[in-house]
Structures are given as structure tokens and as C-alpha cells.
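Trainee: Spelled out, the chains give:
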Amino acid sequence: MPVEATATDQRPLWQGVVGFNLLTGLLLGIGGFFLGAWIGGQIAVGHDYLLGTDQNDVGLFMGYLFGTIGWLAGLGFFNYPLGRMAGRPASLRHHEFGGVGRYFRLCTDHKVVGIQYFFGVGIFFFIGGLNAMLMRTELLRPTEHAWSAGNYITLVGLHGTMMIMMTSAFIVGPFANFLLPLMIGARRLAFPRIEALTFWLTPLAGLVLMSAIARGGFATGWTGYAPLADEARAGQDAYIYAFIIIGISLTLLGVNLLATVITMRAPGLTWSRLPIFVWAVLSTSILMALAAPVLVAAMLMSVMDRAANSGYYIASQGGSPYLYENLFWFFGHPEVYILALPGFGIVLEILPVFARKPLWGYRLAVAGMLGVTLLSFMVWQHHLFVSGMNSSLRPFYMFTTELISIPTGFIFLNGMGTLWRGRIRFTVPMLFALAFFFNFLIGGLSGVFLSDVPSDVTTHGSYFVMAHFHYTIMGGLVFAFFAATYYWLPKMLGVVLNERLARIHFWLMFIFFNLTFFPLFAAGFIGMPRRVSTYAPGLQGLNDFVSAFAFVLGFSMLIFLANLVYSLVFARIPAEENPWQSKGLEWQVPTPVPVMNFERIPVVNTTPYEYGVEGAPPVATLAPGAVAAAGS
Amino acid sequence: MVTRVSGVVLGVAVGAALIAYYVVGYLMATPPVVAATGRAPAQLTLQTVASFGHSPHPDWVSYLAKNPAGKWVHSTILRVPAHSVVNVTIYQYDTATGLRNPFWSLPEGIIGGTMTVDGKPLKYLNPDLASHTFAIPDLGVTVPLKGVPDNAKNQCSAAPCTLAQAHTTVTFSFRTGKRGTYRWQCFVPCAAGFILGFGGPMQTLGWMDGLLQVV
Amino acid sequence: MITVAGQRLPRHGVWMGAIWLVLTAISVPLIVFVLGPHLPPGRMTAEASDQTSANIVLTALLFPLLLLVVVVFSYSLVAFRQTGAAVEDGPPLRGHGPTQATWLVFTGVTVIALAVWGSYTLVQTARGAGGGQGPSPTDLPKGHQTRMQIQVLGQQWEWTFRYPTLGDFETRQLALPVNRVTEFHVTSLDITHSFWAYGLGVKADAVPGVDNIAFVTPKRTGKFTVRCAELCGLWHGHMYRTGYVMSQSDFMSWASQQKAADAANVHDLPPYSRTYFPKPQHRAG
Chain E
1 MPVEATATDQ RPLWQGVVGF NLLTGLLLGI GGFFLGAWIG GQIAVGHDYL
51 LGTDQNDVGL FMGYLFGTIG WLAGLGFFNY PLGRMAGRPA SLRHHEFGGV
101 GRYFRLCTDH KVVGIQYFFG VGIFFFIGGL NAMLMRTELL RPTEHAWSAG
151 NYITLVGLHG TMMIMMTSAF IVGPFANFLL PLMIGARRLA FPRIEALTFW
201 LTPLAGLVLM SAIARGGFAT GWTGYAPLAD EARAGQDAYI YAFIIIGISL
251 TLLGVNLLAT VITMRAPGLT WSRLPIFVWA VLSTSILMAL AAPVLVAAML
301 MSVMDRAANS GYYIASQGGS PYLYENLFWF FGHPEVYILA LPGFGIVLEI
351 LPVFARKPLW GYRLAVAGML GVTLLSFMVW QHHLFVSGMN SSLRPFYMFT
401 TELISIPTGF IFLNGMGTLW RGRIRFTVPM LFALAFFFNF LIGGLSGVFL
451 SDVPSDVTTH GSYFVMAHFH YTIMGGLVFA FFAATYYWLP KMLGVVLNER
501 LARIHFWLMF IFFNLTFFPL FAAGFIGMPR RVSTYAPGLQ GLNDFVSAFA
551 FVLGFSMLIF LANLVYSLVF ARIPAEENPW QSKGLEWQVP TPVPVMNFER
601 IPVVNTTPYE YGVEGAPPVA TLAPGAVAAA GS
Chain P
633 MVTRVSGVVL GVAVGAALIA YYVVGYLMAT PPVVAATGRA PAQLTLQTVA
683 SFGHSPHPDW VSYLAKNPAG KWVHSTILRV PAHSVVNVTI YQYDTATGLR
733 NPFWSLPEGI IGGTMTVDGK PLKYLNPDLA SHTFAIPDLG VTVPLKGVPD
783 NAKNQCSAAP CTLAQAHTTV TFSFRTGKRG TYRWQCFVPC AAGFILGFGG
833 PMQTLGWMDG LLQVV
Chain L
848 MITVAGQRLP RHGVWMGAIW LVLTAISVPL IVFVLGPHLP PGRMTAEASD
898 QTSANIVLTA LLFPLLLLVV VVFSYSLVAF RQTGAAVEDG PPLRGHGPTQ
948 ATWLVFTGVT VIALAVWGSY TLVQTARGAG GGQGPSPTDL PKGHQTRMQI
998 QVLGQQWEWT FRYPTLGDFE TRQLALPVNR VTEFHVTSLD ITHSFWAYGL
1048 GVKADAVPGV DNIAFVTPKR TGKFTVRCAE LCGLWHGHMY RTGYVMSQSD
1098 FMSWASQQKA ADAANVHDLP PYSRTYFPKP QHRAG
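Protein chains in written order, with this note's numbering: chain E, 1 to 632; chain P, 633 to 847; chain L, 848 to 1132.
Mixed in with the good hints, there may be bad ones.
Short derived list, chain E residues pointing at chain P, Cβ under 10 Å [what the hints assert, rightly or not]:
{"id": "1", "residue": "Phe119"}
{"id": "2", "residue": "Asn131"}
{"id": "3", "residue": "Glu144"}
{"id": "4", "residue": "Thr154"}
{"id": "5", "residue": "Leu158"}
{"id": "6", "residue": "Ile213"}
{"id": "7", "residue": "Gly217"}
{"id": "8", "residue": "Arg233"}
{"id": "9", "residue": "Glu576"}
{"id": "10", "residue": "Asn578"}
In case anyone wonders, no lab produced these hints; they're calculated from the structure.
Glycine included, C-beta positions come from ideal geometry on N, C-alpha and C.
Chain E extracted, bound-state conformation (with noise of 0.2 Å):
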């Protein structure tokens, strides 16, 4: 039987601190990284290959394996496998605390797992952002002038990683996981220790990802490409490191989401009434399970290469730079996927809420998710037009990637025709909602630009490719991801977030988005290629206007974070329960959302957008069992 939380505000400090929790972790951690580092150095004496190069990649990896194992073991995921193997009673979750120290331990409440997902990517989220400063700050001169180029390239590297490799949950992690069983009448996701470990691994694979800077760096972007990879200094080792633990959690996440959806619906929740958030969140789940596994393949094999000398990549030992390339990129498109739909499916569950219609056209928006995850296996070689890849498959993919528009401009559609003769209110999550359709729309046309082969020639590797695929991720997933916050933060969280604070935060960031991004496609037109921090003395002007966007955007966010921090500290106006007037299901439930979600299971009786329909009966049945025995 599931354990209810006590409430704990009375307990001790000391209490809170001593036991399994974040501390815990990371001591252990740091413990075990050094044992890991000492044992791999035994392990690696004596090997010609090691010599010179001061930097020790056996004795890395199993320093990262072993601080992976003893932060698992410090937040206490191994206690429950062991104390079953001790003969202990199986349970499905375990005592909890109350109080903030539930949110640096592990907590199976699916709730606190969602906000915990919040502020961790978050941190990364931001991390991210201002290495981007960073990096502007350094193109705004042609020729090397704030850091040097080695270090430029790691800015790089770390924005692109926690921007792609972090934020990879950046929708899915806090919501998905607090809202997806509210939004399915469940109590909790099908496997909650996995959901608690799932989330633990990311901030995991942020500080060893952070840890690169103390090895040098990494030289090589997010994407990895061996043999660069293989020649890189220590620093790669802790982004190879950082990525097959993102890939094992998206791993597990992914299948933890699909069973819920599949096996935790409640009764009446017919396939045909889950609300679209829903479907959008299987359709990444299908990706997650499928591709993320080939990402970690790809990654043990630039272990291999890099610790023991092996040669999966490297062409004079028989191996080929393509492999890498292949495997990566036949994760990495429908990892921008894994981005890109839950962008959709938040959109879209919010365009019906402030147009007070109906999702319009329902069917035609699963197809386009469902699409869109079939379709996104298919295309990956477009990354590799000119790779000297066969070139008779170029016409194929140039097929398939093409073909994938079509599914991606359903969702169009369906933003259209519901605000189609709708009564459309301005609230900040409409407008970061409307936001993302402009701007999708743009990062999603200069994506056919990129699937011509021959435009393909033009622009790829260059700044026309950055443009497009900033627009896509960061005008998709990023203002979804606000969308979602301002949306949903009063019913996770409980408080007001300051109306006016957040029209600043929008308009500022909408108009300096666009200012900062449209000029990079002219940048990539004129020539210049990405990742570079010199260019050509012409580009200057361009570069310099888009840098000063730039900071806006950046001060932009700053906003935000005043806002939340402001909100939730100081203001702490408690939220109504529905504040928006959505019929949505996870609306029903009060604030705050009590530990079991539900007092009973309830009952779906219709899909969750019955606006403007006479006499629509509500959502679900919250009490069936008293209505049932109230009479008829």
C-alpha cells in the first residue's frame, strides 16, 4: 500500500541532512570517483599507449563509473534492491518527507520528481544561456579577442551540450512527470523508483559534464564527432561520459512514460479523449526508448577508442569516421524530435484553453505526431549530404525529410482552426504559445531549405544551419517551455507568477529571439561556417548586432528568474485551483495537488476540450463511487 508523506516541518535539521539525500550523493561521489580513478590507473600501468600524454582515460571512465555508483548508492537507490534481496516486503513507495528536504532526496512522488526535473534542468537550462553570452561576447570581433580559441570551442561544446544533451527533458521531465498521471486519472507513473533515477542521473551527468573544464575542455561540439573525439583532450571524456548517462536515463524515461500511458489510463479514457499532451508525450517516449540506446552504443565505442586504443572509428585501423557519424545522427534526429514534440502537444493543449474552442482537428493532430516519430527514423542522413556518403541515397532522404513536413505542418493546421472564430484571450501563456507558431514556422521552413540537396550545399555547417535549428529548438522547445511554466507553474508549485514581470519576460524575449536569430541565416548566406571564432572582417556588423540582441535575450531570462524567485519567495500569493478556467482534467484536482492525486480513480467521460458545447458533462467523474451510491 502506498505511504502517505507525515508532515515533518517539526523535524530537527540535523535530521534532514544525515541520511540519503543530494549531500549524501555527492560525497559518495566524489569518494567513489577516486577510487575509480585510482583502481583504472592500476588497471592501466604499463601501457605504451598511455605514455605522454599525462591524461589518464581508463583511470577517468572508471573514476566517472565508480562517483556514478557511489552517487546512486548515497541517494539511497540501492537500499530497496538490496533490503528485497534481504527478504524485505516489496513496496511500491517508500516513506517520504515533507518539507523542501523531499525534493534532494529520492522521492517517488511523481510530483516532486516533476519539480525537482524543473529547477535541475533548469540550472542547466541557464548554464547553458550564459555560455552563449559568452560566446557572443567573443564574436564581437572578427579575430580572437576575449578568450582564446581553445576555450571558445569548450563554450561551444558546453552550450550545445546542455542545451541538447541537458535540456533533453526540458518538457518531458517536470512536466510529463506532475502532470502526465493527473492528466490520465493515475496516482503515480508505472514505475516510480525508475522516474526518481531517471531524474537523479541528469544532474549527475551535469557535473561531469561541468567537469570537463578542469580536464581541458573538449574540443569537439556537442556533436562528438570522432576522430577529433578520439584525439581530444581529457575533457572528452567526461562529455562521452555525460552522454551515455543522459542516454540511459532517456532510456528509462522513455519506457516508464510509454507504460503509464498505455496500462494507467483511467476508466472511460479512451484513446480517442486523451487530452493531446498526452499523445505528444508518447510519441517522444517512442523516440526515447528506440533512439536513445543507439546514442549510448555510440558513445561506448568512443570509450573503447579513446580508453583502450581500439579503432571503431579511426580509418588506419580499419574503423570509419562514418560509423560515428551514422549512429550519431540516427539518434541525433529523433533526438531533436524528442525536442520538438512535446513543444507541440504543450501548444496545443493550451491554444483550446484561451480560444475557449475545441482542439480542432484532433485525428489530423495524432497523425502528425505519430508521423512525425515514424518519419524521424528515416531521415538522419540529410545531417550527411556531403559527407561523401552513397550518393544515389540522396535522393531518398531528400524524399523522407521532405515528406516529414507534412506531418510537422498538421500541427499548423490545428493552431489555426482552433483559434478559427474563437474568443481568444492575451494571457502570457497564449502569447508564448503563439510565439512558438511563428517561430516554428520559420525554423521549420528553413529546414526544407536544408533538405534540398543542392540548397543542402549551400548551407550546411554554416550559420544558416545554427539560424534554423535555433528557431526550431530554441523558438519551439524553449517558448513551449514557458508556455508550459506560466500555464502550469500556479497548480504545480501554488503560487501566482507576477502578471506584469511576465509580459516584460515575453516581450522582450520574443522581439529580441527573432532580432538575434533571422540575421544568422543571411550570416550563413553570406558564408560563415559555425563554430568559429573568426570570420570574415565584413561580417563584423552583423555579428555585432546580433550579439547585442543577444544580451537582451539573455537580460530576458533574467526577468524570469527574478520573477520566480520574487513569486515564490517573497510574494507567495497562493494560486486559485483553476485559475485558467481549463477543463482539463489535471485542473480538477485542488491546490495543492494532495499526495495521492485522487481520492478515487476517477471516471473520463469525455476529452478534455468541450468547450462551447451545451451541456457538456465535466471531464471525469472525480467521486464515481459516491455518485453512484448517491443513486441511479
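Since the structure of chain E is provided, determine the placement of chains P and L on it from the hints.
Mentor: For chains P and L alone, coordinates are given in the frame of chain E:
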């Protein structure tokens, strides 16, 4: 409740400040600038060592530069005057590795097309004898540096090396043009232990790559 | 009232369509005639022309699509906004089969047409659009028999070029003859780079152990820039050169000059080969 949340916020802020300090410290760390001695002609004196011998990377090969006060500085950021002749003397203490692309053993961009190796003029070096190169590609300067024989006595193992230890002396001159900052690098895959010989010191400023500031 | 097939078209729809048509009619000619000539990479070579045409067609086709969505959204945000503080519901419209079908057909046809036309540009005009085609290129341009072969060697961190048919010399400068097919054999001596000759419209990854072939047929003499388009380490942004397209006679005299300059070095170069694995490759330096 407020105290706890504020405590958390404060903790995070402190942590963030520490991280920022650490990161910015890493980013801002560059080797010092070493100016050439005199002007018109300016004199640059450099040495290449087989292993640096001190932390942080005792096993790495490295360049060092002599500052106008006569002291050897562990830096590769060099400053020379614009529109003048620069005389370069390199004391080469490392053994030969050989060039991956023998093209780089053709000296280019130097005055008279001739370099002087151990007192004798040389127009071309056998690529297998090259230990390092001094190349400023954007100025068209490429000079291969002859290596010390493998069996030479009294080889240097820690920087800075002295003239008493086994070395070859290479001198040449080039002309600088307008102002700017140009990169220079070694083209020999001399980073022992790294695959393809181009990792580690070959990709780190202050060791085998540097900047030439023409002011 | 506008009627189509006996059904009255909604007023808002008519307005949206009209605005869109006007904007499209203004913008597409501007794109094709004013912006078009400035789109990259220019018309210096036949392949660059292919790419420029592709870029013009794509922009002219996709911009109206952008306009359509922007017009519909913007119009809706103005016309259908909630006035006042009340929260009213809109009509429960869940979908409209004909609209969805039209959209599906329309977007489907556009995309498939683009894919077909892109393949045509690659294959039928038989030039490969300047992209690297790997060791067995399928798209061979006209005039291939009299091609000039130039090997592009990427290495950290400079481009060098070998001219196997002109005495097998190596040089840091790149020159091509005009009006003749040039076959680039792009390979790398160490890690992955990407040879991007902007004005020529050529982009081919330099991968160790792989002979990546790209074709170009220059139509005009002039200069072009060469950059590296794949992150290759510390000085990636500095792998930056200027190349020249010259007349046949200028090219031949340039080649003999280069050959003479490289004379001392030629016998030390490894024999010409499609790929190289020069030492050291392994770890122990």
C-alpha cells in the same frame, strides 16, 4: 517555510557564484604576451622542449619564448612590430618525429628563402628529420625545425633548456606587414601519446600553438 | 457573398485569402527578381548556379506558405479576440474534413514536387550540385572526360592541394581553369574537415581514409573563398584561403610556377593516392 526556501535560494546563489568564478577563471587564463626584443629588426628567441617537466603537463612538448629581459617564459603569444623585419632564433631540443605531410618541410615566406641550421645555410630539410615546425600560415611563413639525433648525449628533459644541452639552432627572418593577430602552429604531429599526434599540446595555446600579435 | 460549388465561403476566410493573395503577388516577384540575384552562392560555376536557382525557387515557393500561416494567425488574433473581461466559449468546431484534405493534398504535392525537382537537379543535370559524392560518384557532369583533377588535402589546420596530372606538386594555393570540369578529390590526413569553396558552390567533407569526389565547372574567372565547414579543433576558423579561377593559359603558367617552387619537395611527397594514412597514426608518438 520561507527560511528554508530562502536558504535554498541562497545556497544555489552561492554555488552558482563559485561555479562562475571557476569557469571564468578557466576561460580567462591565457599565457602572457612575450614581446620581441628591439625593433627594425626585431629579435624573437624561442626554444622547443621535448617534455616540459613541470606541472600542469610534465610530459607535453612545448615552445618557450625569451622575453626582452632575457628570461624564458612559458608562452606562445608573441608580439612583433608591423612593417618590419623579424629575426627568429629557435633552439630546438627535441628529437625528430617526421612530418605527416612532407610538404611542410619546404621553407616558405622567409627572407632569401634560406634558413640557417647550426651555422650552415639550408634551403630544404629532409622531412624525416623535422622535429617541429614554426608556421604562420596567414603570413605564408613555414619553417621546419631540424631535430636532435636520437642518440645525442645530454638531452634536455625539463624546461627551460640551456645551451649546454643537445640542441640544434635554426635562424631565419621574415617580414611583417600590416597590424593584426595571426595564429601560428607546429605541423609535426609531435603530441606523443595522442592519436594522430595532434592532441594535447598541439591543440592548446601556450604549448605548440600560439598567436602572433603584429602591432 | 462569394460562393464556391454552391457553398457560401465564410467572410473571414475570404478576407484572409484576399490579403494573402495580394501579399503573395507583391512578394514573389520581389523575391525572384530583386532578391534572387543576390542569393548565394552566385553564378560563378554551373554548380553554384544550380544551387542559386534552387535557393530562389525554394524561397519563392516557401515564402507564400509562410505568408499564409502568418496572415491566418494574425487575422485570427485580431478578429477573434475576446473583448471585455468575460470568459465566453467559442463554437464547438472539431474539424472540417474538406479543409484537412485540401491542406494534406496541398502540402503533400508541394513537398513531393520539391523532392522530385531536387533529385532532378542532382541527377539529371548530372552535376551533383557541387556536393561531395563519395568515392563512387553517380552524378557525372558533361565534359567529364577532359576534367582537371585536383586533390584537396585537409589537415589540421591548413588546406593543401595536389595536382596529380600536372607534375604531382603540392601547394597551399588553389587555382582552377575556367570552362573545364574540375574533379576535386577531397580527403584528409588526420581527422574530419569539410572543404567549402563558397563561390564555387562546392562543399565536400574531408574524411580520413575516404576519397570524396566533387565536381565543379567554372564559368567565370575570379576569386572565391575556401573555408573549413566541419569543426576540426583549435584553429578550425582559421582554415581560410582565397582561391582563383583563371583562364586556361594563366592556369598553365601558374601551374608551372608552382611546380618549380615545389621542386625540392616533390620527391619527398608520398606517391599520389586517393587516400593516405601517413604516420604517425597510432598513439605512442
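Trainee: Should the interface hint for E:Glu576 be scored as holding, given a Cβ-Cβ cut-off of 10 Å against chain P?
Mentor: Nearest chain P Cβ about 20 Å off; hint violated.
Trainee: Should the hint that E:Thr154 touches chain P count as held when the rule is a Cβ pair under 10 Å?
Mentor: Status holds, d = 8 Å.
Trainee: Would you settle whether the hint for E:Phe119 is holds or violated, based on the nearest Cβ-Cβ distance to chain P being less than 10 Å?
Mentor: 8 Å, holds
Trainee: Does the closest beta carbon of chain P sit nearer than 10 Å to the beta carbon of E:Asn578?
Mentor: Since the shortest Cβ distance to chain P is 24 Å, the answer is violated.
Trainee: Quick check on E:Ile213 please, does its C-beta sit within 10 Å of some C-beta on chain P?
Mentor: 5 Å, holds
Trainee: Grab the minimum C-beta distance from E:Glu144 to chain P and call the hint holds if it beats 10 Å, violated otherwise.
Mentor: This hint holds: E:Glu144 lies near chain P, its Cβ roughly 7 Å from the closest one there, short of 10 Å.
Trainee: Take the shortest C-beta to C-beta distance between E:Gly217 and chain P; is it under 10 Å?
Mentor: 8 Å, holds
Trainee: Does the nearest C-beta of chain P fall within a distance shorter than 10 Å of the C-beta of E:Asn131?
Mentor: 9 Å, holds
Trainee: Can the hint on E:Arg233 be confirmed by a CB-to-CB distance to chain P that is less than 10 Å?
Mentor: 6 Å, holds
Trainee: Using 10 Å as the Cβ threshold, decide whether E:Leu158 counts as touching chain P.
Mentor: 9 Å, holds
Of the hints listed earlier, those the structure fails to meet are numbers 9, 10, in rising order.
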